[in-house]
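The primary structure of each chain is shown beneath.
4 protein chains.
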Amino acid sequence: MTELAAVKAALKTQAVETPSWAYGNSGTRFKVFAQAGVPRDPREKLDDAAKVHEFTGVAPTVALHIPWDKVDDYAALAKYAGERGVKLGAINSNTFQDDDYKLGSICHPDAAVRRKAVDHLLECVDIMDATGSADLKLWFADGTNYPGQDDVRERQDRLAEGLAEVYARLGEGQRMLLEYKFFEPAFYTTDVPDWGTAYAHCLKLGTKAQVVVDTGHHAPGTNIEFIVATLLREGKLGGFDFNSRFYADDDLMVGAADPFQLFRIMYEVVRGGGFGAESGVAFMLDQCHNIEAKIPAIIRSVMNVQEATAKALLVDRGALAAAQREGDVLGANAVLMDAYNTDVRPLLREVRGEMGLDPEPLAAYARSGWAEKIVAERVGGRQAGWGA
Amino acid sequence: MTELAAVKAALKTQAVETPSWAYGNSGTRFKVFAQAGVPRDPREKLDDAAKVHEFTGVAPTVALHIPWDKVDDYAALAKYAGERGVKLGAINSNTFQDDDYKLGSICHPDAAVRRKAVDHLLECVDIMDATGSADLKLWFADGTNYPGQDDVRERQDRLAEGLAEVYARLGEGQRMLLEYKFFEPAFYTTDVPDWGTAYAHCLKLGTKAQVVVDTGHHAPGTNIEFIVATLLREGKLGGFDFNSRFYADDDLMVGAADPFQLFRIMYEVVRGGGFGAESGVAFMLDQCHNIEAKIPAIIRSVMNVQEATAKALLVDRGALAAAQREGDVLGANAVLMDAYNTDVRPLLREVRGEMGLDPEPLAAYARSGWAEKIVAERVGGRQAGWGA
Amino acid sequence: MTELAAVKAALKTQAVETPSWAYGNSGTRFKVFAQAGVPRDPREKLDDAAKVHEFTGVAPTVALHIPWDKVDDYAALAKYAGERGVKLGAINSNTFQDDDYKLGSICHPDAAVRRKAVDHLLECVDIMDATGSADLKLWFADGTNYPGQDDVRERQDRLAEGLAEVYARLGEGQRMLLEYKFFEPAFYTTDVPDWGTAYAHCLKLGTKAQVVVDTGHHAPGTNIEFIVATLLREGKLGGFDFNSRFYADDDLMVGAADPFQLFRIMYEVVRGGGFGAESGVAFMLDQCHNIEAKIPAIIRSVMNVQEATAKALLVDRGALAAAQREGDVLGANAVLMDAYNTDVRPLLREVRGEMGLDPEPLAAYARSGWAEKIVAERVGGRQAGWGA
Amino acid sequence: MTELAAVKAALKTQAVETPSWAYGNSGTRFKVFAQAGVPRDPREKLDDAAKVHEFTGVAPTVALHIPWDKVDDYAALAKYAGERGVKLGAINSNTFQDDDYKLGSICHPDAAVRRKAVDHLLECVDIMDATGSADLKLWFADGTNYPGQDDVRERQDRLAEGLAEVYARLGEGQRMLLEYKFFEPAFYTTDVPDWGTAYAHCLKLGTKAQVVVDTGHHAPGTNIEFIVATLLREGKLGGFDFNSRFYADDDLMVGAADPFQLFRIMYEVVRGGGFGAESGVAFMLDQCHNIEAKIPAIIRSVMNVQEATAKALLVDRGALAAAQREGDVLGANAVLMDAYNTDVRPLLREVRGEMGLDPEPLAAYARSGWAEKIVAERVGGRQAGWGA
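Residue numbers (the UniProt record's numbering), protein chains in the order written: chain Z, 1 to 388; chain V, 1 to 388; chain B, 1 to 388; chain C, 1 to 388.
Where hints are given, some of them may not hold.
Remember, identical chains collapse to one label, so a pair may be satisfied in a single copy or spanning two.
Calculated cross-link-like contacts (lysine-lysine; reagent style DSSO-like; alpha-carbon spacing at most 30 Å) [stated by the list, open to error]:
1) Lys102 <-> Lys373
2) Lys8 <-> Lys31
3) Lys208 <-> Lys236
4) Lys116 <-> Lys12
5) Lys236 <-> Lys12
6) Lys102 <-> Lys31
7) Lys116 <-> Lys236
8) Lys116 <-> Lys204
9) Lys31 <-> Lys12
10) Lys70 <-> Lys12
11) Lys8 <-> Lys102
12) Lys70 <-> Lys31
13) Lys102 <-> Lys79
14) Lys236 <-> Lys204
15) Lys79 <-> Lys12
16) Lys102 <-> Lys116
17) Lys79 <-> Lys373
18) Lys208 <-> Lys87
Keep in mind that the hints were calculated from the coordinates and are not lab data.
Computed from a predicted model, the values in this text were never measured in an experiment.
Same shape as in the complex, but just chain Z (with noise of 0.2 Å):
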């Protein structure tokens, strides 16, 4: 196999998960701006899911939140997503909209409360039994607004128990990804902060703890693509929420702020042996679409994560790595840039049109008539939303 073939065949396996709740509407705390054909429950999510992943090719499985996404039966619910084609993928928890978790959840200072989020991380594990989910994704909002509420140690140490009986409650091919964030809903401390806090703990809970890099919680001019490089050295990178920011969470569509960063990140993947199914790094999508057409956004999202794999794909390794032997710092950059600033909307093409697909995704998404389908007929009922 020559190389470029190598690099379009290592294309057509790429999975990227697409959460159900990008379907739904999202916003500020200023404004949630509604948007016409927005769909009002977990099957109509997955019929948008599922269009994604038709035009794309890859994007073939579908992440729930609960209690988002809580029906009656979830065996339907995967065989309602069979049906179209996709699958459901992560289950994630919500500790975070109940009136009960306004000083925390997990790390509550009251015991009852934390009782009740780990009941609902176990409930969480209950549906990826029903599911298949293999992946138990956990973003805390848990922390404190001001010096002094809360003992900032103690609360690390409830962290740590109540991740220790849910880790313990995971089946056979189940895994925890703990995701950490610098900051949002709390403002002075945030329990899971950083990849350190989320590394610790998992590696204290063991082997099927991992970290998840959500690409927009950091602080200002973090270098993300190191941590991606250190937990695939670590062999606790568990995935990756991917969106883009230019000042804090601002959950843009993935690569629209910095697609040079994006490049970065997937060229350590693929380096650190982060790419393709056995790595077991998961690639899902967590953005909002406030103020653009929902799923265009994300197929377009999806394309992204494509093209800067495709560059990622395209370094010249060997070159690489004897520039950087001889200390050719302009050299070695210069390999880098080149696999960057080529243009790979034409492999992707090709890719497409290889796997059977429209080479342009979002033109034949436009010409699907769907957008116009989901305007006239999801009429009435209560849009999905965050809250929903």
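Put chains V, B and C on the given structure of chain Z with help from the hints.
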């Protein structure tokens, strides 16, 4: 008058405006936690604001947000306030919570939306006429989320045009206070992102247009007291929206995150002639008490401003100037720090005693039974909140 | 002329000024690493700069830094440059490397130091008269390290006074370009910390005073292209000091850290009429090649500016305006991204061929033997560096 | 013992290590300003450090930097220190000021350079044996400036290998303290950029390896006290390099930029059992007094640490725990703020009096004539500085 007497006299004249919306519920995009006893309408907000003034003695005015505080009869509302010992303060416009404003208000690409936004601002001036408010406070959520989304420069043209129309409508003794903000809710460009932009627009509009400094609206590391000193030097400091932050626009209680910064700001205010009614600088709170009790949080915030002001007034300016002239870096810094390190709480207790107030506003409020009363009485109806 | 022909014609007129000091050694506070073959005097710097122009065709001028590039006979230096195919460009003042400037220069508390600083600036204008340079570029290291160290506002008064004296000295066709910087070497206040401060001073000085945007001189997250658009709209953009950064004022090769940002900046330049000789906007490099080979790094930087410019010129502005008008967020963004994602290197190779240049400047330089020649010949003497 | 007596007793046991290099000249990349009277060799640095201890009573040890403080006979140097009332403290390695280290030291692509770096570290352990120092403090300037320049992950492998060799050489009672830094002098990647990386390496090395927190080495907005609490909980907090910053690694006097942050850090130290000799946590200064008088600046810094510690010790932990348990956000915050707002200077004057010291260290130092003496006597020779 001794120096200490002068400081005490100055502290007695202090006036901190509290915002009607801080008495209602607020939150993050993840969750708004409801609190018992929260006001259900503008009059109940004024009732609460009157309590803050009753116990602190330095919170005599209340800012309104339109349309959150829309009433049929503003003169009656003003009278209602007056009967409770407070006055209506700045009118805050709101051009971000209508579905039309998804892509902006006064900077929107569509002239019809711009018209609607400007009409709202003109209506706010009408309300000022009715309430006797002197200040129109303008904060625009306008901006873009994605590069290319709109023409950055044309948006400035639209902004200038809209502001000019509103400026022309201002009556005698009325001002337009233009607020800037680094980001949020827009995540790529914000149309008034920094003091320079606000300043440039105000300069062209004329003397009735001034800049408002919201202490949470800056890039990380920004030296806010420098901006304060500069705007005072330029005669363009209209006032403050006080709050504090560790990360972004956290809207925590002012002085909670960096009390030394608040002191430095107040020092530049005092040094630059910005303290005192004649200065025209308005001191307003703009905060979100997401998880803490609202009235006590506002009382605490007012006290934090008082303490920072007291310390600023206590700076030995003669000694400071002498050390500065001599290039005595450590000596000059020590003069400033001496004032900052002083515990001014005894002094403020004295000041309150001399004003006929309880020296401990929070304890007095707690004893007053108001908290229990509103929890008991404000049942049913719809709690006020950012969107209420 | 077709559109592509117009783009190519525009690219052929591009002019990027290289700084004499970038050819010498530089470093961090921790270490300046010396490189073999580095120039030992201003003429050798011009020799190197001439090579950059020889191979790129778009680096026709060289900025000087006084006193680093002090010579007895500036006319002779200009003649020397001319004989090598380049011209002398902006004169950069240096008021930060004399022991007297420990507490500032033009803002120093001591009038004698201020006098010295202003005299240096006036001398720089004398040099401009001799070299025929049109631009005086002013960057001040002035500021304070500790709160209270000096009077923030008085320093502004001193700054205004000093600038006014120098402004008055400017001749016909001469400009003063005022640069701002967020921080470093001052760590508490900087006397010209942001574009607003520079703008306010330039506005008062008059039309010959304009603002310089150094792309590394902003707070984290600052939207630089917004500033560019705003300054162009105000007629106050004098030029750029190009470099790139991941953290602070890293002074890396322009385009190396965030090529998408550079493209967005160049798009606003083009869109705002800032491209082309008649615009008066100067495009200068200001970088430190601490660890990489200096001449190739500068060639690469010039090429990075070319590539960003080419992409900016390729934006389909008609399609962009149409999508913007319609509020088509994704469509408008896609138009911009189409240009960015284009590989413009083939186009630039064509442009160079048509200019009679080797299409690959770096390879041509490598083949030229210049690097080996200077290493062999520039032995002994004192290498030029920031302090040389 | 009453509570206040216990606080006073604790304060008397405090030990802050001062760094030999802070007595010498330092600066930024733009300029090192020389000061009269600065030491010319390690003994003169010890003389100055002894003065700081003489007047503060809590600065009993002095950190050395090798090779800056290289001498022929370390036992003699230790004896010299002892005769002046101080002891030699941590040995700091320096692998950044040799030309060989341009692309790194222990992480360099070339094995020969790595060998040299590791040999230097081993030599530092030899010196520890001679001086009786317990701590080897490691800070690496290693990193890269450009994407692609070197292999991020291989550099971690090299780092791990080098550290392991040095770790194996540590004797009984000796520790390795690994420092992390966000950026500078490397501007793209830093090989130990955050506490997580340092922690992961120390964990693998063993119990003698611990993490050092330099308070200036974090991304903007980082919650340092959270890191302190976490490292204490993990048993991996080796110590502090204290200084303060407004922007990057400004190296200002500790407590000068954000005294509230220093208090919060010291509170977590006290709360987490990190205060007191038995804790093993080392409190060291690492600062640059670029423009202020060096010895008074160090005295001031020691006093700032004392004041923050006193406030931390004064926190009413019973009341705090009670409020935290009840979820009383404002009440818990108020307990912390009460301690912070206390003016502890009278208490520290008492403590000093009881220790037989002048209650005002700075005034006493000023009266001592030492400053005048060193200016008069230390003439000729070469002033010590970062590179001396």
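Going down the list of hints, with the structure as the test:
In this homomeric assembly, Lys102 and Lys373 come within 30 Å of each other (Cα to Cα) only across copies, at 23 Å, whereas the closest approach inside a single copy is 40 Å. Taking the closest pair of Cα atoms, Lys8 and Lys31 never come within 30 Å of each other, the shortest separation being 42 Å inside a single copy and 44 Å across copies. Within a single copy, Lys208 and Lys236 get their C-alpha atoms as close as 9 Å, and across copies as close as 24 Å, so both meet the 30 Å cut-off. When the C-alpha separation of Lys116 and Lys12 is checked against a cutoff of 30 Å, the pair qualifies neither within a copy, at 43 Å, nor between copies, at 47 Å.
In this assembly of identical chains, Lys236 and Lys12 lie within 30 Å of each other by CA distance solely inside one copy; the values are 25 Å within and 45 Å between copies. In this homomeric assembly, Lys102 and Lys31 come within 30 Å of each other (Cα to Cα) both inside a single copy, at 21 Å, and across copies, at 9 Å. Proximity of Lys116 to Lys236 under the C-alpha cut-off of 30 Å is restricted to the intra-copy arrangement: shortest distance 28 Å within a copy versus 32 Å between copies. Only within a single protomer do Lys116 and Lys204 lie at most 30 Å apart by alpha-carbon distance; the minimum there is 23 Å, versus 36 Å between protomers.
For the identical chains of this complex, Lys31 and Lys12 are neighbours neither inside a copy (39 Å) nor across copies (40 Å), given an alpha-carbon limit of 30 Å. Proximity of Lys70 and Lys12 under a CA criterion of 30 Å is satisfied in neither setting, with 32 Å inside one chain copy and 57 Å between copies. Within a single copy, Lys8 and Lys102 get their C-alpha atoms no closer than 49 Å, and across copies no closer than 39 Å, so neither meets the 30 Å cut-off. For the identical chains of this complex, Lys70 and Lys31 are neighbours both inside a copy (25 Å) and across copies (19 Å), given an alpha-carbon limit of 30 Å.
In this homomeric assembly, Lys102 and Lys79 never come within 30 Å of each other (Cα to Cα): the closest approach is 36 Å inside a single copy and 37 Å across copies. In this homomeric assembly, Lys236 and Lys204 come within 30 Å of each other (Cα to Cα) both inside a single copy, at 12 Å, and across copies, at 15 Å. Proximity of Lys79 to Lys12 under the C-alpha cut-off of 30 Å is restricted to the intra-copy arrangement: shortest distance 25 Å within a copy versus 61 Å between copies. For a Cα distance limit of 30 Å, the shortest separation of Lys102 from Lys116 inside one copy, 13 Å, qualifies, whereas the shortest one across copies, 37 Å, does not.
Taking the shortest alpha-carbon separations for Lys79 and Lys373, only the intra-copy value of 23 Å comes in at or below 30 Å, while the best inter-copy value is 54 Å. For the identical chains of this complex, Lys208 and Lys87 are intra-copy neighbours only, at 22 Å inside a copy versus 49 Å across copies, given an alpha-carbon limit of 30 Å.
Hints 2, 4, 9, 10, 11 and 13 from the earlier list are contradicted by this structure; the remaining hints agree with it.
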